[in-house]
Each structure stands twice: as C-alpha cells, then as structure tokens.
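Here the protein sequences come in this chain order: W and F. Here this note's numbering is used: the first residue of the first sequence is 59, the next is one more, and so on. Here this note's numbering is used: the first residue of the second sequence is 40, the next is one more, and so on.
Some hints could be false.
[What the hints assert, rightly or not] Here are the computed distance ranges between Cβ atoms for each label pair:
#1 F:Thr58 x W:Ala502: 16 to 26 Å
#2 F:Ser202 x W:Ser324: 19 to 29 Å
#3 F:Pro391 x W:Glu761: 48 to 58 Å
#4 F:Glu73 x W:Asp594: 48 to 58 Å
#5 F:Thr58 x W:Ala599: 20 to 30 Å
#6 W:Ala599 x F:Lys69: 22 to 32 Å
#7 W:Thr463 x F:Thr58: 25 to 35 Å
#8 W:Ala599 x F:Ala430: 39 to 49 Å
#9 W:Arg760 x F:Glu188: 36 to 46 Å
#10 F:Val280 x W:Glu530: 44 to 54 Å
[As the list claims (entries may be wrong)] Over the 10 Å line for every Cβ pair with chain W, so calculated as not near, a few chain F residues:
#11 Gly108
#12 Leu235
#13 Gly263
[Stated by the list, open to error] Derived PhoX-like pairs (lysine-lysine); straight-line CA-CA distance at most 20 Å:
#14 W:Lys247 x W:Lys294
#15 W:Lys201 x F:Lys326
#16 F:Lys70 x F:Lys93
#17 W:Lys201 x F:Lys305
#18 W:Lys175 x W:Lys201
#19 W:Lys175 x F:Lys326
These are computed hints drawn from the structure, not numbers from a lab. From a predicted model like this one, the values you see are computed outputs, not experimental measurements. Every residue, glycine too, gets a C-beta built ideally from N, C-alpha and C.
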Amino acid sequence: MSGYRLDHGGDIDRTRPLTFHWEGKSYSGFSGDTLASALLASGVRMVGRSFKYHRPRGLIGAGLDEPNAIVQLEQGAQTIPNLKAPYVELYEGLSADPVNAWPSLGFDLLAVNGLLKRFIPAAFYYKTFMWPDWLLFEPAIRKAAGLGTSPALPDPDVYAQTSAHTDVLVVGGGIAGLSAALYAAQAGKTVMLVTGGAHWGGRLAGTSDTIEGKPARVWIEDTLRTLAAMPNVTLKARTLATGHYDHGMVSLCERLTDHLPLEQRSGPRQRLWRVRADDLILASGAIERPLVFRGNDRPGVMLAGAARAYLHRYGVIAGRQVVVATNNDSAWQAAFDLAEAGARLVAIVDARNDPSAALLDRARSLGIPVHTGMAPAAARGGRSLRGVRIGRVSREGRIEGATQTLRCDTLLVSGGWNPAVHLHSHGAGRLTLDTNLQSFTPIAAAGHRSVGGAAGDFAPAAPIPALWSISETGEPDPEAWVDFQNDVTAGDIALAARENFRSVEHLKRYTTLGMASDQGKTSNVSGIGILGTLLDRPMQAIGTTKFRPPYDPTPFGVFAGHRVGEGLRPRRRLAFHDWHSENGASLDEYGGWMRPAAYPRAGESEEDAVRREVLAVRAGVGLFEASPLGKIEVKGPDAAAFLDRMYVNTISTLNVGRCRYAIMLTENGTVFDDGVVTRLGEDHFLVGTTSGHAGAIAEALREWLQCEWTTMQVLVEDVTTCWAVANIAGPKARDVLAALEPDVDISGAAFPHMSARTGHVCGLPARIARVSFTGELSYEIAVPWRDAGALWTALVEAGAPYGLTPFGVEALMTMRIEKGFLHVGSDTDGATLPQDIGFGGIMRKKTQDFVGRRSSLRSDGLRADRRSLVGLEVTDGNPAPLTTGAHVLPATAAAPQPGEGWVTSSTWSPTLEAPLALALVERGQDRMGDTVRVWDLGTWREARITGLCRYDPEGARLDA
Amino acid sequence: MTRYSAWSLLRAGLSGQRTWTPAWRDAKPKKSYEAVIIGGGGHGLATAYYLASKHGLRDIAVLERGWIGGGNTGRNTTVIRSNYFFPESTRFYDFSLSLYEDLSRELNYNIMFSRRGMWSFAHDRHGVEMLRRSANAMRLNGADAEYHEADEVFRRIPGLNPSPRFPILAGLLQPRGGTARHDAVAWGYARAADSLGVDIIQNCEVTGFDIRDGRIRGLETSLGDIAVERVGLAVAGHSSVMAARAGFRLPIVSYALQAFVSEPMKPVLDTVVLAPSTGTYLSQSDKGEIVVGSALDLFPSYAQRGSLPVLEHTAAGLIDLFPHFSRVRLLRQWAGIVDVVQDSTPILGESPVKGLYLNCGWGTGGFKAIPGGGFCFAHNIATGEAHPLAAAFSLDRFRTGALIDEAAASGIAH
Ligand SMILES: Cc1cc2nc3c(=O)[nH]c(=O)nc-3n(C[C@H](O)[C@H](O)[C@H](O)COP(=O)(O)OP(=O)(O)OC[C@H]3O[C@@H](n4cnc5c(N)ncnc54)[C@H](O)[C@@H]3O)c2cc1C
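All chains should be built: construct the whole structure from the sequences, respecting the hints.
Written out as structure tokens, the structure reads:
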C-alpha cells in the first residue's frame, strides 16, 4: 500500500462512490476518477507486465503517455484490449484485467524471460532460431508476444461519422487551447475546441497556479463558461484529434458512451469527425520524459508531472515516502504540492548544481532535504520500490564517487519535457531542436501552428542538463529502461549503435524503441539523446522517426462507421424487385445488383429451373428484367465521330433507328466492354454497356472528352437507372408486344432485327429495341423507372395466353453460350485482344483510328499462336458440363503441364441436350475439330474444338 | 562476419553483448566501381549480394539516399506468395518463394519466413470461376494451390464472418505462402553482401547520370561522382524520376499504398487472408499486431503519407471479414510509394541506355519478389543476358505488346 486518497481536492465527486473490479477483486473509487487514479488511490502498485521480459510495472503517467498500465477492459463482446488505464474513466461496475501476465499479475510464468535477459537483448531473434527452421520456434514466440486478447464476438456497438468545417480548430483544452479558442471566438470566428480527456484545463486543472491573476481553477471555469455561451463556439471534451492529413484534414474521435456504465449506454459508441479548418491551432501540450537509470522501471517510479496530476485532478497522493529526482524546475513544483498536501517528501535530488534560490528556499521552508548535482544511480526493490541509491552525477550522466540510499516507496522523476508535436508532424510540419528544452519544437507551418506547451513555450531560460542516460559505468546501462512497454534499455541502444543500426529509423526497428502502443511518447526523445551521445552527433542531425497517425490507438470500428453489413455497399435492387421476390426468384448478386438467377418452382433445383426457362424461351416466350444493362446517352454534333474513335466498329455509318453491336478497347488494345449502340437521332446515340460496367464506361468516355478531345462537342450522360427494361424473348415475343398496343409498327419488315423505335407501349413512353442475347426474336422495352410496375403488370397479363415465362440470368447465360455470344469479363480477360474474339476482320476494314488500335496491332497481337475464343464439345460421354476455369491441355498430355488455355463459359444445353463450353485456346480458330484434354483440379475430361455458335448458326430465328 | 547462432548469443550474453560488430560497414564511396546498384531496398541489396555470391563480382556498391530498407521494403505488409495466373509470373514468383524458404540459413540472419498460408476468396459466381481458373493455373504451372469450398474455408479460419456483406463462397489457399520480417530481409542481405566486400553507402543520393554515346559512364551523387559502366536501378516508386534524369520514360505511375497495424494482441489469426471484394488483406505479425492493407490511393503521389479515406475503406473491409476486430484499435498507419505498371508485372532488364539496367514496376507486390528479383537482376547485370525466369519482364514488352496482365487476371496483386 502506498498511494492514498485525500479527503479533499481533485475533480472527483466524493458523494458518488463507484465499485469496480480489477483482476477479479472489488475496489472502490469515485465519480470523476479514471481507472488509474482509482487504482493508485486504492494502493495498487503493480498494474502490468512488460512486453518482453514480463517485468512488474506500475503507473508512470497520467495520460496517453502511459506505457505500463495497459488493461483489458470488460469481457465478452464488450471487451477491449490494451487500453491505457489513465484514460479509462471509471464507471459503476467497471471490470478490468491486466494483460500479458499468466496465470496472474503477481505470479507470471513468463517472468522467466527477465532472468534470461542478458542472453536475449534487443533483436536477439534475428541471430537465432534459424536452425532447423523458424517455424519450430515461432508458435511459442507468438504466444508470448501480444498484449491483450482480441474480442471473440462481433462488436455490439455502432459508430457514427460526421464532417465539419470551421474557421478555427483548436486541439487541446489546456490553458493554451482555452486561451486560443477564446481569442479566436472573440474575433468573430467559428471555433471548434476539442480536448481528448474528460476534463478541461490540461496540466493546470486543479492546481493553485495563477492565470491572469486568478487561481487556475477559477480561470478555467470562467473561460469555459464564456466559451460555452458563445454561439460561434463548439466545445468537445472526450474528443481526441487522432490524425492530421493532407490539405489540413483533421480526424477526431469523440467518445460518446465509453464513460457510462454498460447498461446505461445507448446510441453510437464513438463518432469520427472529419474536420477542415482554415486555421488549425495545436495546443496539445507537452509530455514529460522519465530519467533513464538502473531499475527505473520499478513500480513506484512515476513521472513527477503525473503525480501532480493525480493530486490535483483526483485528490490522490502517489506514495507515502516520496523522493523527487529531476534535471529541471518542473518536478520541484510536484514536490511542493505533494508536501503541502501532506505527503512525506524524503528528498529532492536535482542533477543541477545550482537550482534557483527560489526553489531552494521553498524546499527549505517545506522542510524538504535537497541534494544538488546528484541523480539516481539505481532504484531498489522488486515488485515495489523500496529505495533509491543516489550519487554525484557528471555532465555525461555518470555517477561518480560514493552513493547513498534513500528509503522511499515512490520516486518521482522528470528528465524534461517534449512538446507534443505529433499532429504538427503528421501534417508534414518540420521540427527544430530547442537546446534549452533539450527537445524538438515545431517550426511554424502554413495552415497550422502550435501554441503553449506544444510549441515549447515553457522553455527555461537556460539549457537543462541533457542527462540522457545515467549509469555508474559511463556506458548505457542494460538495466536502465528507455521504452518501458517494449522493454528497450539504454544498453539495447548501445547495442544497436555498435551493430551500425545508427539511423534513428534503424534504431527504432532494430530495438523496437517507440514501436509500442504509446508510439514512444515517453521514450523516443531519450532514445535519440542516447544515440546522439554514443555517436557524438547533435540530436538535430539524428532527427526523429516519422510521426504517424493515430495519436493514440483508435478503434477500427469508428473509421468504418456506417460501412458495416449492408452499409458497406448497399445491394442494388431491380425495378421489378418485389415482383421477382414474390414470384419465387432465387436472387443473387451480379455486379452489385440483386438479380434473379432463376425462378425455381417448388421441388425444382436451379438446374431444373434453368432448363425449363430455356426451353420455354426457345419454344414460346420468356420475360427477363434487363434494367442493369448500361445505358449512356451520347449527344452532340460530334457524337458520331466521337464514338467512331471509341469503338472498334464504325458507328457513324449507322442509320437512325438502327442498332449495332460494338466492342470497345482499352488503350492497351484489350477488350474493355461490349454492347449495342443505337442511333436515336442524327447526333444522338444510346450506348449500351455490360451491366457491371456502366459507370466505368461513362467515366472512360468523359475522360477522353475532357482530357484528350477537348474541342469535341459531345455530351455524355449515364442514364442506366433512369430506365427500367423488360426483355421479352422467344418466337412469340412479337405477339406479346402486340398485345401491349404499341404505337409503332412492329411488323418484321417495319421493325427488323437490330433496330430501335421510340413510342409508347400500353400508354407508357417507351424505347423499344429489337436486339437479342438469347438468339430468339427479342425486344427490350425500356420505360421510365417510375413506370416499371405498370409495364411489368401489363406484360405479365398480356403474356399469360402465350405462356410467358420469367427467366433469370442463368438461363440467359445458357442461351447465349448456345449461340456463342461473347460475355465480356467471362470470355475475355485483361489480355484478350479483339482479334482473339473474331473482330480481326472488322478492325482491318476500318480505316479510321480508334482507341486501342495501335496497341492491339503490336507484334504480340499478331502472333499466330495467340489464344482465341472457340467452342468446346464434350467427347467423353460424361453429361456433366466442363468446369468453368478448367484448363485446356493438348490431347497428348498425360500429366499436368502448363495449359493452352481455359474454359471461359460452360453450361448444360437443354436445347442441344449436351454440355457446351466456350474456351480461349491457343490457335483455337485454326484447330477446329481437334481434340483436347481438359484439366480441373486433378480430374481429366475430353473435348473437341468447335465453332462458337451451336444454335441457329444462320440466325434465322433472330430475323423471324 | 560474426556468425549468428544461439551459441554466439549465449557467449555475447556473458560479456554484456559487447562483442558484436557492425552488421555492415559504413563505406565511403570510391572513385569507381565495377558495378553500382542504386537503391538500398530489398531488391538493390539482394542484387548486390547475388552479384557477389553467385557471380564473383566484389567491386560493387549499393547507393542509398536514406537508410537501407527505408523505402517500400521497410513499409510493406510482407505477404509472400506465388499465386499468380500466367506461367511467366508463377515460375518467377515461385522461384522467389523457394529462395525465401531457405533465406535465413543462407544469409545467417533470421528473416522469420512464416509459412502460414495465404488465402484469397471468391464472393460471387463469377469470382468462383475465376478462383478455380487461378487454382488450376497455379497447379499446372507448378505452384502449390488448394481450392476449398466455403465450409472448409470457415473451418480453417476461425473467426471469419459467417455472413459478410460479400459472401465467401470459396477459397484458394497457397499453403507455402506467408510473411517475413521485412527489415530483416534488407539487413540480412546487407550484412551478407557486406561480408563479401560490397560497399553499402547510405545517405548517398544519385542525382544524375553520365551518359555518353548511349552508354552509361558514371553517376553523380550527393557524395561525389563515381565512374561505373554497369548500373542497376532499383528505386521502386522513384524509378520514373530517375529514368527522366537518364533521358528516357518508363510506363510507371507512382501511387501511395498504405498499411495499417493494430495494437499487439495474443494470437488470433494464423494465416494470411485476402478478400478481393474490398481488396482488404491481413495477417497477424509475430509481435501480435494485425497488419492490414487494401487498395492504392487513387491519385499519383510521391508523398509517403497515409490518408483518411483509404483508412476508412480498409477498416470497413476488415470488419466485414472479422467483425470482432471492430473494437480492436488501429495503432499506426503509413504509406509507401509504389511503382505501378499497367499490367502489374515488373520491369526487369535492359533500359534504353547501355549498361543501365532496370529493376522496377513491382507495384504493390515486390517484397515477395526480392530474392528472385535480386537473383535474376544480378544475372542480367553480370552476364548482360536476361535470366530465363525474368526474360518476359523486359521493358521491350510495351513495344511488342506482350503484356502479362496479372491485374486483370487476379484482381488485386500485393
Ligand atoms: C504499404 C505497402 C504494402 C506492401 N505490401 C506488400 C506485400 O504484402 N507483399 C509484397 O510482396 N509487396 C508488398 N509491397 C510492395 C513492396 O514493398 C515493394 O515492391 C518492394 O519492397 C520494392 O523493393 P525495392 O527494393 O524495389 O524498393 P524500395 O524498398 O522502395 O527501395 C528503393 C530504395 O531506393 C532509394 N532511392 C530512391 N531514389 C534514389 C536515388 N536517387 N539515389 C539513391 N537511392 C535512391 C530509396 O530511398 C529506397 O530505399 C507493399 C508496398 C507498400 C508500400
């Protein structure tokens, strides 16, 4: 027992005691406590085990700099690993456990690592575990590594996201932040002031310091009240600025419910703010550095500033017998405050020979013995500090001469302060060394500036002694900790320097210095100082490692926000979605759309249904929703010339009212898309695309217009979802259409295959195209999306006498395979050229240039042994279709060997009563009739190469 | 070179770890070299090592403008695999993978190649067909591949979301795939190359080329001029910048690719998973961090900084796969500048300048290629002939059109 609670002071509510659980035991604290302050007040010393050596550890910080008190909060779905205890607000019933200790914090088996410490220094794992194989050692290492445990259940919480714009964003609610916000607000700016913790006032909260003539507490309250009353000010506590990105974007994570008892939580747990501010003011304060000396990680060694915070914010005295060791003035104030609050101050140990007379006087008046020119040589104790040995210290940090031991249970240390330059640096701000501070301060940058502690405004008038590492040997001590969480010692830094890991980034990666969950808040600068001393190079020349977001670990959930489940990408529904669902469609996702795969009837498998649907279309008439087919309006005096440049086919020769099947290439000459282009007017085209590609094609068209052919007068508009499309296909399609009383002549002669008309069907404005992907007489009827219901009802009614059968995507695919119609993306990939799919002739004939032409005609495109698209007929008597994705091997292949191509589409053909496939095969078009072997994950099939079209090759049915 | 072993650690332990010597010397540049490699990333260092070890060249320098491994090699998510589609790719990457399998012992440096398998998923009918196509291609081209139906995927990957937004219908597992410790790969090659006499020169930026009659004669660097007639360029995201200085253009666009790590946790995921639906892929490092990556930032850039939109996208992709990681916290995000080629296949071989060779275009996936790339590049520089495994990766393919479009064939390539 060492820490204890005062009966007065602090920002806690002593009338509201709270019960909480730590390592399964019950404790109590008060409303306003954090888990750390409540543990400290309860006399709990050891709060964690270090990452590697599992050394017992106590609290050293009072904020996000805390490296030791890493906890697992709550259990089950609520659990969160690796929270920093000083940042966990206490609530009734809170339950937390230490991490990385097994079976318990007090008795941790892996503490044995600490005994082996001398053999397993930094980076030892690069030097061993190679023989016979790393895989033998890895499982044990993995088990030992890691801190807390991942939740095993889905997150029960939801997260919100929002964006804001403000004239001024002030980050940090300390005195500097409050002042800056007030100043900007009084100048009439809109101001957003955020602070990460629950309290305002930063380091000075609760202290007796005076600000503008008022006690800090009063000044803070007054300022907050003024700000809160201003309409142009937004105040947000529990809102941590996590990152500062390009162009001034700042991300904030607001904790909405984490401080409430579990059963009182509702609504989003946290909210991500994306804030753009004209002016970003960083008032993020400064972080204290521990002193680096032997045994400085014993529970009971704490940062002096943290002890002061525990006193003033929570009314907690960190220990009963306190020694303060420092190289600067700030820790003296901690000693004075603690002494005045009744703590027993054993001594103040200052490395400087000449602390100011004012400090000395004050210490004397409080009866605190002072040792100047001295520093701690070693902390004593095991799981708890018992004393500290101190001695005279040289400028280089060497302890010289005799030492004496001071008995104490608490050692408060300060090695100086580092401005929190993280957000400044995220935003590419540069740093300079302040030699008085012995730390890095920000160089003002465009768009953002730092104020107060974050700017190093507290720099003393004279340089503080650097005192990067204290040792009795004059060499960095392997028992002096620099990075507490990751167990990096001063000796490790020396090892890295010895082995030439001298770039600060190498130092970090080799030793893991600063790679822990605090990203080196308390350790990086000390590490740089130690390295600089070893290499005899100024710290400025060594520089810092890169600062990276987030400032403190932030849940993935808050970044995902609403993008979970269906919100990740809402599925698109067809115009006739409800009808499909009500009529037994099995819906599946195709290119982002939920589409009927088939309409299986009771007792039917999907294959049965496909077979029935295909036969119904071939013999009668079927109904298919084709709304997702891309529809892009291309309009303007240069529309025809533009499309000639975009398509392999010539579009300008198309007559008004006629349609042409066309393919489009990428700049590399590969097949990009196909579709039907319709000429609606002299300068007006409707470009059809594949369903999944509408957006990409519209963008490609615009890119060419905007970036290359800027003088062409063409307008491009993607109207895919403006029009709902019903496709009726089959020999009786015309009868069904006629029953809808169209106001255009639909006779075969007046409305031939590959033409389009604009008019009305059943009184609705409609575009009708006579095009076919099934190989049958077929009409696509497009009506405005809002009229979809009316059209569909009319169709179903009109079709009933003709046995109109709804069919799904799978039946359509089967029919197009029977016809040998290409499906871009299945029968082509990013390597397919137009000549591979039978467009060589069209390309040769076209005299005009078009996108992809040059590329497709490079020498590789003219190779005779290219893969070309062919049909395959199965010759092994096995009725099962070939597997799409199976590979084609030569007839002579007896064992697996690199293939000659692959099956791109495959189906059972109900029409031909045989399995059919399409395939890309080397020299395929020259090998008609050849037999090949087809290999799929170890199974062999036999097939013969055929032409593509296996059904109505003359196309008589299309022209019917 | 002190040999590393458990024994040497034990000995050093007894003398306070004082006996270790530099892993590589800090060399000063000489006036001339037989060959110089520009770029001290994995590829540059591996190339130097193989030039020395396989081809007996000793008068070599690696010039690195910053610190070795500080480019993409030290920033990447370390997935190693050879699950490519085209035989040229599979052959090359599988060779590289096989070098990785023995690399720790070869270099006497534990690079922690962790063979924990790499999965990629199919989310829809078409995806299943493409996955099958890839599985077949890999097996026929000599790589290991297992194709599994959904049940088996879920059985093998505990914690995988049973009902993600993008359903998991099938999985392709490459059991030999895995991860390695990226820094160790750079350091291991550096140490081994150094021990063979290679000069590793950090903080030395190449600022210009001395080119006469279409042939390279020397380099201008921030540490002075160097006469050299055989130069290998291995500078990843800066290849196009360097090519411009040498007077030619490369079909490379540089983008930022980001990576993300969570706080370290006890083991919870013991394989590598890629979901093409969102491009999200992840693994758990030996330290316990979940290492996540996804798509490129969508605009060309040379700034090695992360951004918020890609973070949001990646977090969403991660949670779709493993909803319990929603409460897990992101520790750090960063970015590297990757050299993206239109067909997602590297460029390895001659440049338009005689004596200047190219090793670039690895894009989002060149870490796995470091041993193979270094090996083949060294062969090319030493012999003047492309190594058969890398012959298809020549710059000339953009003239002939013999592209190897892995991007189109396999979705996202990391
Ligand atoms: C976030 C991210 C994730 C990735 N994930 C994977 C993955 O999971 N699997 C995978 O296989 N690959 C991955 N990659 C890709 C992989 O990292 C790279 O392809 C690979 O590291 C490239 O190695 P390199 O040696 O060519 O380049 P680099 O490691 O970038 O080295 C190039 C070096 O050249 C130096 N240089 C540049 N200009 C000059 C100059 N003028 N003079 C001297 N030196 C110069 C640079 O400083 C740099 O050190 C990822 C990349 C990133 C950024």
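Results of checking the hints against the structure:
no.	hint	result
1	F:Thr58 x W:Ala502: 16 to 26 Å	47 Å, violated
2	F:Ser202 x W:Ser324: 19 to 29 Å	25 Å, holds
3	F:Pro391 x W:Glu761: 48 to 58 Å	29 Å, violated
4	F:Glu73 x W:Asp594: 48 to 58 Å	34 Å, violated
5	F:Thr58 x W:Ala599: 20 to 30 Å	28 Å, holds
6	W:Ala599 x F:Lys69: 22 to 32 Å	25 Å, holds
7	W:Thr463 x F:Thr58: 25 to 35 Å	33 Å, holds
8	W:Ala599 x F:Ala430: 39 to 49 Å	46 Å, holds
9	W:Arg760 x F:Glu188: 36 to 46 Å	42 Å, holds
10	F:Val280 x W:Glu530: 44 to 54 Å	51 Å, holds
11	Gly108	8 Å, violated
12	Leu235	17 Å, holds
13	Gly263	20 Å, holds
14	W:Lys247 x W:Lys294	17 Å, holds
15	W:Lys201 x F:Lys326	9 Å, holds
16	F:Lys70 x F:Lys93	25 Å, violated
17	W:Lys201 x F:Lys305	6 Å, holds
18	W:Lys175 x W:Lys201	18 Å, holds
19	W:Lys175 x F:Lys326	18 Å, holds
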